[in-house]
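Work the whole structure out from these sequences, hints included.
2 protein chains.
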Amino acid sequence: MNIALDRDKPIPLARQIQAHLERLIRERLLAPGMKLPATRELAHSLGVNRGTVAEAYEELVAAGWARAHVGQGTFVTESPGAPGASEPRRTSGGLPSVDGDLAAPAPLAPAPLDWPALLSRSAQIIAAEDERARTLVSAATSNPAVISFAGGMPDSGLFPTDAFRRVLNQVIRDEGASLLQYYPAGGYPPLRRYLSTYLLRFGLEARPEEILIVNGSQQGFDLIARTLIDQGDTVAIEQPTYPRALQVFRSFGAQLAPVPWDAVGPRVEVFERLLERHAPKLFYCQPSAHNPTGLTLLPETGRRLLEVAVRHHVPIVEDGFDGSLYYGARPAVPLKAADVHGVVIYIGTFSKILFPGLRLGWVVGAPPILERLQAAKQLADLHTSALIQAAVHRFCERRLLDRHAARVAREYARRRALLLTALKRRMPAEVTWTEPQGGFSLLLTLPPGLDATELLPAAIERGVAFTPGAPFFMDGAGAGTLRLSFSSVAAGRIDEGVRRLGETIKAARPRPRGRGRLEPATVPVV
Amino acid sequence: MNIALDRDKPIPLARQIQAHLERLIRERLLAPGMKLPATRELAHSLGVNRGTVAEAYEELVAAGWARAHVGQGTFVTESPGAPGASEPRRTSGGLPSVDGDLAAPAPLAPAPLDWPALLSRSAQIIAAEDERARTLVSAATSNPAVISFAGGMPDSGLFPTDAFRRVLNQVIRDEGASLLQYYPAGGYPPLRRYLSTYLLRFGLEARPEEILIVNGSQQGFDLIARTLIDQGDTVAIEQPTYPRALQVFRSFGAQLAPVPWDAVGPRVEVFERLLERHAPKLFYCQPSAHNPTGLTLLPETGRRLLEVAVRHHVPIVEDGFDGSLYYGARPAVPLKAADVHGVVIYIGTFSKILFPGLRLGWVVGAPPILERLQAAKQLADLHTSALIQAAVHRFCERRLLDRHAARVAREYARRRALLLTALKRRMPAEVTWTEPQGGFSLLLTLPPGLDATELLPAAIERGVAFTPGAPFFMDGAGAGTLRLSFSSVAAGRIDEGVRRLGETIKAARPRPRGRGRLEPATVPVV
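These protein sequence lines map, in sequence, to chains Z and D.
Following numbering that gives the first Met the number 0, the numbering of the first sequence begins with 0 at its first residue and continues without gaps.
Following numbering that gives the first Met the number 0, the numbering of the second sequence begins with 0 at its first residue and continues without gaps.
Hints in this document: simulated from the structure, not taken from any laboratory.
Heads up, the beta-carbon is just placed ideally off N, CA and C, and yes, glycines get one too.
Warning: the hint list may mix true and false statements.
Stated by the list, open to error - Listed next, the stretches of chain Z that the computed footprint assigns to chain D, with coverage defined by at least 3 CB atoms under 8 angstroms from CB atoms of chain D:
# : stretch
1 : 163-170
2 : 351-359
3 : 370-378
Claimed, not checked - One side only, chain Z facing chain D, incomplete, derived with CB under 10 angstroms:
#  : residue
4  : Leu23
5  : Pro115
6  : Ser121
7  : Met152
8  : Tyr193
9  : Ala205
10 : Arg206
11 : Ala224
12 : His312
13 : Ala365
In structure tokens:
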């Protein structure tokens, strides 16, 4: 600790030290509960007697800023707001207050930097997006009385936390020293080998060296964007789609050209017209377990998309979510499985099937592009934690992931079925929705004239939350849609949540127009 | 698993399945040791009888491609190179070989994508850098007979692996479910609070909300570069410096303008002239524990650098390494500690003092820029593993880090002293070197006319390795320098390593010119 002491001032050194520490505690720079430096240490580093520091500490204790624990040292008092702690008295002892002299925070000099003016184009784009996002009502609510269909994450109540703790223990014991050292950027070799075999289940053949380990699929988007996108490039992208994918490509200065989904996948003829006119650098899509709709493209659509991409020499970035979470007879076949030409870059993740917080995913690509993605990864953060990779590998190798995946897939299938049943039963006639074949959510379309963002406050008031659909679309489309995630809503609360949502929708349209015919559950495209 | 079966072919289905699996094993798409799918599962997914799959598996076992373990299933044979495994026989049983028909890998269609032509400017820059790096002899050698001063990493023999395992266990037990879920981008709040207090030791005052958790300092560089640098911007940068920092700024299209170090820090008058002429977007430096020299700038130099930066409205990016690793009377005071104007962005890391493999670091900055860095972090990979953050926090809070840091600082100080003693004793007269005040390494300057990259093969032949200095410099400077890291060389091998290096240098100059005067240990600037 570096305290500027003024030995020419008439104020005793102990008082100067005390006042400085008091300011640090008040401004929470010294956090509640923190141990103060040992008196001997601090005295040494300030070049004063140990008694001087001890005196300062005693004053801090007397004033309630700190507590002394015999044999342990002196600790900053717990937050005044915390239970059992009292607001420190501001002055104490017989010494005059020097608060005004010394303990007041130094006035911050006027900032000579105009940070917003210094931002890169990329940072300016992100700042503008953030600004836009702020105008959206946040669907996240911490009120437990609200049934929230807003969170698109796995249910942490289903996490195999303890089993994971055990494998983590084992791998640290077995190979801790090498896992905690710097590690090659490509990833933990046994995990790459495991994934090579794992992906065969979905018909996807990739050698270990064609697989790059990344920090979740988000880093996959980022590395692909920085490796392929320059300012002003066009990116073709499915609509609706995952908002953070939109954001990443935008932040690299891409112009986005939407390819709308219908019930069988992104519309191939729109895709082809787009390739003819705009020569995009890549096409991004989620062919299976699509977020937000939960739809899966038909194999025939996949074949046609691939064929068009090959003919126009355009890479496809396939966001694979997780193939194990499907609700039909068998998992969807990834585009990458039919990619004999190597035009598909496939992104996979452990975030949905295991733990989002691990930040662990992978990218599969042809060697010439995978090598470049790996170089970008190395510059971005050297490598992904080898410890986490090894633990997940051990977890998979012991077939714990398979067991876990089967268990959660059953549970999510149950919740999905409950949600669909409740919607059929409780939604007004003009409401339509997609039937998810994978993933965690579906997209619901409100009756004409209703706006999901405007509806949300009323919904929360009735005790239900959702994600407005607009951010999943470009150019202001999707205002009449909303996403319902069923993955983290307890089965017993789903019907009640849908009931509340139905009432919210009905109340928003007190005089419904004549019932229209129910359209097939396709995604509206504006 | 997705096997295309042809029911019209005269080849039995079992044989088709076997041939397909055989190919996958041969191409290592099914990795050695992997369990094959249960016969029931595979039969179901292929729509064949279970007996058909069982027959295929038996053939694989008979041919040596797989092994059956009673009650456990069928596993791919361990690698033919592995001990105890024999080369699988290529044909078996009474069945005709269909290798040519079915099991040969499908010929890869010609790639319709010209990946190099699709690369972004950034990726092209990285590719060119990689190409340049390949022309350097790699100093890494796995031969244990070679004493390697090349690795700039902490000694994994000193890792507190077991203590870390225990805290990791505790935090998963205590709060596993929330730590393994998605987490806010800023970081684990208790860790940010701890760092706020920890940094006070070095005189650096930062509120928790002015601290962003990142994946090691490398991600800090990356986020700062993408937030401040556009193609064509100038970046002022100390010379010599950490090569990966150079690379990151280059990859964002920056022009680099070097500010040479002398014995007291980057030369302020060069810095000021540069600011006047080029208006760089930022200045990058490592004021303490400088890599490669180990030097620390004088406080007076720091004050002058800051003053110039403020006057010219240029942010300073301070790479803080770790303040606990110092070899003088007290730690260096970071530039950030005197930064009343908020122009310094400080980067810290746990990689040097704890474990590099955790990928855990932090960035301190004024709120307007920290907010933008956090937004960039969120797009880059959402957040850093909260589990790792919580474990490190627990480790610090229990004062295990302090204890560990004291222990390793002593050991590194010992190795540094041994290295300096050995150099004094064993180096030819024209060799000079820096005296590290922090960090893991020093920079040595060879006698005139010697090139470190050219010297390396001869050094390795004599059983010693180092890192040539050129990559730490821009524009081809530094060829006559090399970096010696003492952090991961066992104390008992240092003198012998230096002896071998001395002999290598002497042998490279069989007829030394007249001894020049020993210059003070400053860094040569070309």
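Checked hints:
As drawn, the stretch 163-170 of chain Z meets chain D at 4 residues by the rule of a beta-carbon pair under 8 angstroms; at three or more, the given contact holds. Under a criterion of three residues with beta carbons nearer than 8 angstroms to beta carbons of chain D, the stated coverage of the stretch 351-359 of chain Z is upheld, 5 such residues being counted. Proximity of the stretch 370-378 of chain Z to chain D, defined as three or more residues with a beta carbon under 8 angstroms from a beta carbon of that chain, is established by the 4 residues found. Annotation: interface hint on leucine 23(Z) holds; nearest CB of chain D at approximately 7 angstroms, less than 10 angstroms.
Checking proline 115(Z) against chain D by beta carbon gives a least distance of about 7 angstroms; that is within 10 angstroms, so the hint holds. Interface restraint check: serine 121(Z) against chain D, minimum CB-CB distance 6 angstroms, threshold 10 angstroms, status holds. Annotation: methionine 152(Z) was flagged as interfacial toward chain D, and the flag holds, the nearest CB pair being 5 angstroms apart, inside 10 angstroms. Checking tyrosine 193(Z) against chain D: minimum C-beta separation of about 7 angstroms stays under 10 angstroms; hint holds.
Taking 10 angstroms as the C-beta contact cut-off toward chain D, the hint placing alanine 205(Z) at the interface holds, the least distance being around 7 angstroms. Interface hint at arginine 206(Z): satisfied, since its Cβ lies 7 angstroms from the closest Cβ of chain D, which is below the 10 angstroms cut-off. Proximity of alanine 224(Z) to chain D holds as hinted, the smallest CB-CB distance being about 8 angstroms (cut-off 10 angstroms). Satisfaction of the interface hint for histidine 312(Z) is found here, the shortest Cβ-Cβ separation to chain D being roughly 5 angstroms, below the 10 angstroms cut-off.
For the restraint placing alanine 365(Z) at the interface with chain D, the shortest Cβ-Cβ distance is roughly 7 angstroms, inside the 10 angstroms limit, so the hint holds.
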